[in-house]
Amino acid sequence: MIWVDTVLQGVLLGGLYALFALGLSLVFGIMRLVNLAHGDLIVFAAYLILMLVTLLGLGPFVAALIALPIMFGLGWALQRVVLNRVLGTDILPPLLVTFGLSVVLQNALLEGFSADSRRIPAGWLETASLPVGPISLGVMPLLTFLSAIGVTLALQFIFYRTSLGRAFRATSDDPVTASLMGVKPASVFAQATGIAMVVVTIAALYLGTRANFDPTTGPARLIYAFEAVIIGGLGSLWGTLAGGVIIGVAQTVGAQINPEWQILAGHVAFLAVLLVRPRGLFPRAFD
Amino acid sequence: MSPILSLHDVSKSFGALTVTDGVTFDVPEGQALGIIGPNGAGKSTLFNLITGGLSPDAGRIEYDGRDVTRVPPMQRCLSGIGRSFQIPQPFDRLTVFENLLVAATHGRGLPERAVEADCAEVLERTELIHVANRPAGGLTLLQRKRLELARAMATRPKLLLLDEIAGGLTEGECVALVDTIRRVHAEGVTIVWIEHVLHALNSVVERLLVLDFGRVIGIGEPAEIMASKEVREIYLGIEV
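Chain order of the listed sequences is A and B.
Residue numbers for the first sequence follow UniProt numbering, so the first one is 1 and each next one is one higher.
Residue numbers for the second sequence follow UniProt numbering, so the first one is 1 and each next one is one higher.
Do not rely on the hints blindly, as some may be mistaken.
[As the list claims (entries may be wrong)] Cβ-Cβ distance ranges computed for the label pairs, FRET-style: (1) B/Thr140 - A/Asn258: 51 to 61 angstroms; (2) A/Arg80 - B/Glu171: 48 to 58 angstroms; (3) B/Gly15 - A/Ala272: 51 to 61 angstroms; (4) B/Glu116 - A/Trp3: 45 to 55 angstroms; (5) A/Ile70 - B/Ala176: 54 to 64 angstroms; (6) A/Ala272 - B/Gly168: 44 to 54 angstroms; (7) B/Glu112 - A/Met1: 44 to 54 angstroms.
[What the hints assert, rightly or not] Derived coverage of chain A by chain B (criterion: at least 3 residues anywhere in the stretch with Cβ under 8 angstroms from a Cβ of chain B; other residues may be distant): (8) 160-170; (9) 173-186.
[Said to hold, decoys possible] Which bits of chain B does chain A cover? Going by a derived footprint, with three or more residues having C-beta under 8 angstroms, they are: (10) 67-77; (11) 93-100; (12) 109-122.
For the record, the hints were derived by calculation from the structure and aren't laboratory data.
Where is the CB? At the ideal position from N, CA and C, for every residue including glycine.
All chains should be modelled from the sequences, with the hints used to inform the complete structure.
Rendered as structure tokens:
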């Protein structure tokens, strides 16, 4: 029974990793941009929610709701003002720019919020749990996992059922032809990054309420996000969710065997998947 | 009839190489003009100048009575210039129908709902309706060529530019495609068509223009052009 519990907790933890990864997957899938500041943007959003909670006395979910449009706007502006200028055939400039952004964000957060670790207070929800037979599931982890599924479904819907999604896919397929068809890649990319930042905010809500964070928390989240994206197959949204779950389960199973193995087990699972399926579990048919 | 497209003394050079050399011609509304010329004569460059992918070093391009020489490609597409590409470039991961939707919504600046029926009709006319929901990456060559045509038509162009659309097709496929193009032309769309497959071209166009080393060396009735000594020498490589 303890193993069932372990795996179940791992699946729920995987939801958090999937949320870290979905924004990264979205941006990479559409514009082949590896955003090295992704983890720091999650931490930034967590501080934003924390500020709304402490300064305005809002509940964490209401605060996140307010943070969503702010982060969308920031993502949109970031793409328009900075990232669109460095996108091109060479992948190095965007890597350098997002790396720089990561350094700037970390130091700005350090300057503004100090190095103390913080947590978004979620009241009774922090400890609430649901008994499922002999196992008890935390309400927050459950909400995290359901949000991950919800975000995947929403992104899937945007991608395959809307005009914007078709523009996303057309631009990702061939930006030159797309622009000849009248699609404006600069604007499409800005909307994509805006949406990615909405996902980042949702990830930040659960990161901040479930664990402590400080200005240097970002890069570690980025690694989990990377691993989830790559396990799933680049650009596949359901694959990213599966990737997050695999890392989550590997971590809790590893921790169950030996508490020191938690992080290591996640990385080993990642390497194991790469050995068997170098292109990930759900690679795209055409590339 | 007033010309829908006219080029006045248009020139373009890449470094020392002049690829378009003082080209002047008119296309009256509703007409189909064929452009022929040996490889490297500057045919595709001419198209890029008309669609705005390249801008000329000298000369003036007028479309629909307006000077569009410096108008960006987007604007030209919105004002009704549609084109197909020599090498079909569909969005492989999108379905055939979605390929058209993207072209129609963005090329005409309309919401999807407003163009859906129209796109379906274009698919009907280009005989692609039965593969509408398949990813474009899996189409045959004829279907890809048809999709090129359909995608250009989905923008409801007043002027349709076709770039070697019949190239690489078998005889039967070519006949089927030409049939479709003839029908589109009969509906009143002005066509400018670059093609090496001369019998395909000559069964549709009313006028023929011959390019060589970026210069217009003849323009007129297809039969007249094909019979001229200069054209036979330069284009067909026949000593007469």
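Tested hints:
1. Distance hint for B/Thr140 and A/Asn258: a CB-CB separation of about 58 angstroms, consistent with the stated range 51 to 61 angstroms.
2. As the Cβ distance of A/Arg80 to B/Glu171 is approximately 51 angstroms, the hint placing it in 48 to 58 angstroms holds.
3. Remark: the range hint 51 to 61 angstroms for B/Gly15 to A/Ala272 is upheld by a beta-carbon distance near 54 angstroms.
4. For B/Glu116 and A/Trp3, the Cβ-Cβ distance of about 52 angstroms falls inside the hinted range of 45 to 55 angstroms, so the restraint holds.
5. Judged by the Cβ atoms, the range 54 to 64 angstroms given for A/Ile70 and B/Ala176 holds: they are separated by roughly 56 angstroms.
6. Taken as a hint, the range 44 to 54 angstroms holds for the pair A/Ala272 and B/Gly168, whose Cβ atoms sit roughly 46 angstroms apart.
7. For the pair B/Glu112 and A/Met1, the beta carbons lie near 52 angstroms from each other, so the given range of 44 to 54 angstroms is met.
8. Counting residues of the region 160-170 of chain A whose beta-carbon sits less than 8 angstroms from any beta-carbon of chain B gives 5, enough to reach three: the coverage restraint holds.
9. Coverage of a stretch by a chain is defined here by at least three residues with a beta carbon nearer than 8 angstroms to that chain's beta carbons; for the region 173-186 of chain A and chain B the count is 10, and the condition holds.
10. Note: the region 67-77 of chain B has 3 residues with beta-carbon separation from chain A under 8 angstroms; the three-residue rule is met and the coverage holds.
11. By the rule of at least three residues with a Cβ nearer than 8 angstroms to a Cβ of chain A, the coverage given for the region 93-100 of chain B holds, with 4 such residues.
12. Only residues whose C-beta sits within less than 8 angstroms of a C-beta in chain A count toward coverage, and the region 109-122 of chain B has 3 of them, enough to reach three; the restraint holds.
Going down the numbered hints, you'll see the structure goes against none, and every one checks out.
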